[in-house]
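2 protein chains.
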Amino acid sequence: MQHSSKVLENAIREIAKLPGIGQRTALRLALHMLRQEKEDIHQFTEAVNHLVDDVIYCSKCHNISDTEICQICADPKRDASLLCIVEDIRDVLAIEQTSQYRGLYHVLGGLISPMEGIGPTDLNISDLVGRIQGDEVKEVIFALSSNMEGDTTTFYIYKKLEGLEMNVSTIARGLAVGDALEYADEITLGRSLQQRVPYEQSLKS
Amino acid sequence: MQHSSKVLENAIREIAKLPGIGQRTALRLALHMLRQEKEDIHQFTEAVNHLVDDVIYCSKCHNISDTEICQICADPKRDASLLCIVEDIRDVLAIEQTSQYRGLYHVLGGLISPMEGIGPTDLNISDLVGRIQGDEVKEVIFALSSNMEGDTTTFYIYKKLEGLEMNVSTIARGLAVGDALEYADEITLGRSLQQRVPYEQSLKS
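Protein chains in written order, with the working numbering: chain X, 1310 to 1514; chain R, 1310 to 1514.
Isolated chain X (complex conformation):
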């Protein structure tokens, strides 16, 4: 195979390095870029360079940030008595998108997983305990994945927090909104029965 343009060939090779993008999609994207205004593509590459060059992690919550303390931690309108513990940055974005939470976050940067050799010291756990002791936190909410690693991590941190005076909760497990009961798996259905809520409360959302 002969490429008529080394520049195109090189661009395709670089684009295809991105996850989930093969040679064909890379070619399609490259040809799409060629049809756009140059300024638009420069804007794109600048935004990407800016991202990898300038983004840092908040020294308080370990969320992605432009400044030493991130916008969420620095926002006086957020409720500092609520602290939500999540696995990574994506979870913060997912929770923010619900518009249902006005507290602060703590990003662990992973979950305890003996299988993958990830122990508590690999995660942002030690400073979490310090943070909770120093700060005005009244409730810690665990929002970790509902699997072995998530449950282990929740339990480990829960034990660490024992003796501190505060409420500890986990997000509810149950049927997804819009899901048909008959298709739910039995563990989820069992949990959603166990953790049923008063009807009036369910009307609030």
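Please keep in mind that the hints were generated in silico from the structure rather than gathered at the bench. Mixed in with the good hints there might be a few duds.
Note that the list lumps identical chains together, so a pair holds whenever it fits in one copy or between two copies.
Stated by the list, open to error - In silico DSS-like cross-links for lysine-lysine, where the CA-CA straight-line distance does not exceed 25 Å:
hint	residue 1	residue 2
1	1347	1326
2	1386	1447
3	1369	1386
4	1347	1315
5	1315	1369
Note that the structure is predicted; figures quoted are calculated from it, not measured.
We have chain X already, so just place chain R on it with the hints.
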């Protein structure tokens, strides 16, 4: 929703402008980029900038090129007596990937489509006739899509070439290699019967 980083927000917005990439994929790509070495991402953005800034179109065949005349047109090892007419750059790449063709190309830049208001003058047709008259072309091969627009364009150019002494052919239509006969549509199957080839010839590929 509150983003903890404007820089990330901006990068996601720019990445999501690419075709087939939504907000979620853009976020996934942005977080992936953050996990890579900075140099690798700079290499990526440089390749993209280089592509939109420096790529030009070959003045002979209208294929994408780094130079006035593209590498394929300039290659003395290619057979200049064969000219393959294709719709766009992607088709050149597809044919090159077969390693079955050693002639030159002519990229039309589209197909005649009255429905979309694309007429012969919108395509690279006028210089094609000049090119064939001037050059040593002995055979013109139409490799356009097998649809109304492709057939119309082939017929239009075929008429333009009438009177010039050369062979004119189109690529074969038939069952895809590996396809089961029973699932082939009747038009394709009909054509592949009509245009059957001597058995010895079919062994050559």
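Do the hints match the structure? See the list:
In the homo-oligomer, the alpha carbons of residue 1347 and residue 1326 lie at most 25 Å apart both inside one protomer (22 Å) and across protomers (14 Å), since each shortest distance falls under that limit. In this homomeric assembly, residue 1386 and residue 1447 come within 25 Å of each other (Cα to Cα) only inside a single copy, at 16 Å, whereas the closest approach across copies is 77 Å. In this homomeric assembly, residue 1369 and residue 1386 come within 25 Å of each other (Cα to Cα) only inside a single copy, at 17 Å, whereas the closest approach across copies is 64 Å. Taking the closest pair of Cα atoms, residue 1347 and residue 1315 come within 25 Å of each other both inside a single copy (19 Å) and across two copies (23 Å).
Only between protomers do residue 1315 and residue 1369 lie at most 25 Å apart by alpha-carbon distance; the minimum there is 18 Å, versus 46 Å within a single protomer.
Checked against the numbered hints given earlier, this structure breaks none of them.
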